[in-house]
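Which chain is which? The protein sequence lines are A and B, in order. Residue numbers for the first sequence follow this note's numbering, beginning at 3 and rising by one. Residue numbers for the second sequence follow this note's numbering, beginning at 0 and rising by one.
Among the hints, a few may not be true.
Claimed, not checked - Calculated cross-link-like contacts (lysine-lysine; reagent style BS3-like; alpha-carbon spacing at most 27 Å):
#: 1; chain 1: B; residue 1: LYS260; chain 2: B; residue 2: LYS308
#: 2; chain 1: B; residue 1: LYS114; chain 2: A; residue 2: LYS190
#: 3; chain 1: A; residue 1: LYS190; chain 2: A; residue 2: LYS22
#: 4; chain 1: A; residue 1: LYS190; chain 2: B; residue 2: LYS260
#: 5; chain 1: B; residue 1: LYS114; chain 2: B; residue 2: LYS63
#: 6; chain 1: A; residue 1: LYS475; chain 2: B; residue 2: LYS292
#: 7; chain 1: B; residue 1: LYS313; chain 2: B; residue 2: LYS63
#: 8; chain 1: B; residue 1: LYS159; chain 2: A; residue 2: LYS493
#: 9; chain 1: B; residue 1: LYS308; chain 2: A; residue 2: LYS493
#: 10; chain 1: A; residue 1: LYS276; chain 2: A; residue 2: LYS303
#: 11; chain 1: B; residue 1: LYS162; chain 2: B; residue 2: LYS292
#: 12; chain 1: A; residue 1: LYS276; chain 2: A; residue 2: LYS310
#: 13; chain 1: A; residue 1: LYS190; chain 2: A; residue 2: LYS18
#: 14; chain 1: A; residue 1: LYS18; chain 2: A; residue 2: LYS475
#: 15; chain 1: B; residue 1: LYS159; chain 2: A; residue 2: LYS190
#: 16; chain 1: A; residue 1: LYS493; chain 2: A; residue 2: LYS475
#: 17; chain 1: B; residue 1: LYS308; chain 2: B; residue 2: LYS63
#: 18; chain 1: A; residue 1: LYS190; chain 2: B; residue 2: LYS292
#: 19; chain 1: A; residue 1: LYS15; chain 2: A; residue 2: LYS190
#: 20; chain 1: B; residue 1: LYS292; chain 2: B; residue 2: LYS308
#: 21; chain 1: B; residue 1: LYS159; chain 2: B; residue 2: LYS292
Calculated from the structure, these hints are not laboratory results.
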Amino acid sequence: MAASKLSTVMTPKRWKMVRKGVQYVALGAFFVLFIASRRGGWAAEVVNAPMRLDPLGMLANLLASRTPLAGSALALVIVLLTLVFGRAWCGWLCPLGTVLDIFTPQRKLQPIFKEPARLRSIKYALLLITVIAALFTNLTLLIFDPLTILFRTLTVAVWPAIDRILSAVETALYNAPLLQDPINAFDKVARPALLPDTPLYYRDAALFAAFFIGLIALNWLAARFWCRYLCPLGGLLGLFSKVSLVRREVVASACTGCDACARLCPTGTIQLGKNGASDPSECTMCLECLRACPRGGETFKPVLKPAKLQPYDPSRRQVLASIGAAAVGVGVLRSETAARRDDAHLIRPPGARENDLSAKCIRCGECMRACPTGALQPALFEAGLEGVWTPVLLPRIGYCDYSCNACGQVCPVAAIPPQTLDDKRLTVIGKAYINTNRCIAWADHRDCIVCEEMCPLPEKAITLVESADSPVKLPVVNRERCIGCGICEYKCPLNQAAIQVYAIGQSPS
Amino acid sequence: MNRRIFLRRMAIGLGSGAAGWLLNACGSPALPPSPTLAPTATARPELPYLVVARGATEPEELVKRALAALGGIERFVKPGHDVIIKPNISVGYYGYQYAATTNPWVVAALVRLCKGAGARRVRVMDFPFGGLAEEAYTRTDIKGQTLAAGGEMEVMSSLKFTKLELPKGRDLRSCTVYGDILKADVVIDVPIAKQHSLAQLSCGMKNLMGIMIERQAMHFNIGQRTADLASGIPIALTVVDAVRILRDNGPTGGNLNDVQKIDTIIASADVVAADSYAATLLGLRPNDVAYIKAAVAMGLGRSDLAVMKIEEIKVGG
């Protein structure tokens with residue numbers, strides 16, 4: 003029989019090698035696509051494919067935006083995979099899962115605490131609240147989607163840190179004349195293909211790094227702590243896995259109850275003293291248990307009945323509680339103190355409209371990665387707690403490059419609408435105002451025309467006027483023309499810019 | 000990896016880092032010798048001091064004829080030389096038709112001439128103030144034409160910037176510039192003539208702001224400081240691209256109505272003279288441009304177009 007032949011070729015050890023191979027390839031692909039997401043990298047529909055594979059992100063986006071996106075159909079691939087092989091995504095493909103595997107302490111597979119089974123229900127609660135909040139057009143909880151966590155952290159913290167460290171080393175070594183040529187040769191290959199020409203800065207990078215390190219540190223409490231107890235995507239795929247086709251089964255006649263498999267199971271779903279029984283919703287199909295069983299009693303075979311319910315599965319009461327929590331939570335987020343939508347400097351990426359953005363943005367950070375000047379930054383509270391980690395443009399950190407439309411192209415959910423470069427050049431994202439009490443020309447009567455010089459518009463939105471009161475030309479903004487790109491604010495020589503871009507409808511006058 | 004290996008690797012890493020510092024400490028960081036303007040400008044009285052080539056023909060032809068009249072590229076570039084061509088690629092917003100950036104065929108013509116004279120390497124570079132360098136190189140087509148001509152495009156590396164003392168400077172006494180410009184055997188300045196609201200004219204000396212870091216600080220006294228900067232940069236040859244000139248909304252451009260096609264190339268070993276002539280194309284007198292005035296006062300070059308030996312060439316029909 004073919005199956006038995008397969009089992010003789012594919013020893014448990016080989017299965018593990020194959021799985022690890024697939025995991026590293028998937029992680030590598032995610033990483034390569036991350037690198038290629040920069041402006042000038044690969045095609046947008048290629049680099050944002052991982053986000054579109056994500057069933058949680060796509061489902062929540064669909065519910066919140068009520069707009070079906072052709073690209074998000076890609077997520078059905080993972081749904082289908084799950085319906086056949088259970089949570090194989092988690093064990094074989096998820097890049098965050100692989101990162102967590104890499105940082106798993108060898109002898110700490112099982113929890114160092116007495117595991118309350120209900121801990122596992124956190125992920126379902128998170129899932130239910132996320133999905134129900136999405137019905138109320140809120141996507142805040144997608145900050146806990148594993149793909150957005152990894153991509154965002156790479157963008158905001160990991161990559162800039164690597165760049166900074168490498169630059170410091172290069173600068174130090176560059177002092178040695180002999181090393182200059184090799185360093186230049188290295189830079190020619192690495193920049194800007196892999197690392198930026200000029201360093202990028204992200205606000206609160208430490209916060210993102212700490213969150214991620216915390217996530218990894220949980221592995222020291224139990225292997226794949228995140229995947230077992232917390233991951234909302236894992237919860238979603240777990241629900242599908244209740245009816246998945248191929249499942250782990252134990253041949254009762256072979257099992258002696260030795261619990262060797264239970265001790266090796268990285269998700270702890272094979273519990274001690276249960277004769278090797280496991281829950282398909284918790285099993286990541288990693289096949290580690292194959293190796294454990296001294297009598298070869300493990301099989302993975304088609305099963306056509308729904309899996310047994312577990313005490314930690316969402317109950318009716320829990321579903322109702324989640325609906326309530328989501329409703330109250332969304333209400334609180336939108337109540338007066340939190341929903342501050344009137345921040346004067348809340349400048350959004352070109353074409354993104356405020357209500358649209360909060361109902362569509364999955365917080366993946368693709369736009370921040372693509373932005374060549376680093377202008378797009380994760381919002382902290384300026385968009386209200388609800389808009390946490392949505393993109394906001396900070397002209398003092400970077401400007402909206404007049405020859406770039408990358409953010410709208412790369413956004414996997416059209417929260418930033420894709421625009422042609424010609425259209426984007428006409429898109430108004432804010433308006434610049436000059437503080438004449440600080441402006442070098444207005445206040446100090448010294449020559450400075452930097453903002454005028456930098457203005458990229460064919461008919462400059464900043465012009466210079468002569469005044470009887472001033473020996474120097476004075477810059478003024480033509481509000482009709484200004485698109486709010488912010489290069490004037492970015493380049494203003496003062497330590498706090500005397501020309502600033504304000505969100506539309508938020509003029510200081 | 001166990002602890003011992005980790006520590007060993009750590010030691011190697013730290014050691015090599017320290018070695019870098021040590022090597023640096025041994026050879027005292029030689030400040031680049033402060034260069035002076037190429038003496039060739041005055042050395043050849045039999046040749047024209049400045050050449051103007053005009054004609055509705057290929058820009059490349061204008062460049063060739065202008066250089067030939069100036070005594071040939073061989074006057075500046077010797078076999079084995081490392082040449083840097085510095086066009087104006089100030090922004091990457093538009094194609095060359097918008098006259099915000101130097102005409103790519105003018106750049107390519109110079110690359111070919113230098114290669115023909117036996118230059119070992121010809122690099123073309125600028126540091127745009129708006130947008131990414133590599134994108135600006137591509138959109139302006141300067142990359143395409145340069146590579147086709149056998150030259151290299153270099154994205155300026157932050158590692159190569161170095162402090163330059165400007166002993167002749169009257170206001171700007173030092174600045175940070177791209178080190179390779181000081182190390183190259185020959186630097187060719189290839190600006191495009193553009194209107195500029197403060198400096199009046201953006202041309203050869205103004206084009207040098209593309210190789211320095213402290214650009215914002217220039218504006219407080221742009222005339223003197225631009226001349227101060229020019230006093231420290233060894234420009235062997237200036238070729239002004241006036242195939243198209245930008246008469247308004249400079250230096251960024253974007254409006255074809257501001258562009259005037261006048262099919263002109265100016266070449267001189269004296270950047271001050273080249274800028275002076277370019278000023279007249281925009282309806283200015285050399286003395287209207289503060290940096291020309293300052294440069295003349297510092298003895299960096301000449302602006303007396305009336306008595307200068309100028310050769311005007313008409314090319315084509």
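Note to self: I'd like to know which numbered hints this structure contradicts. Please list them from smallest to largest.
What the structure shows: 3, 4, 9, 13, 14, 18, 19, 21
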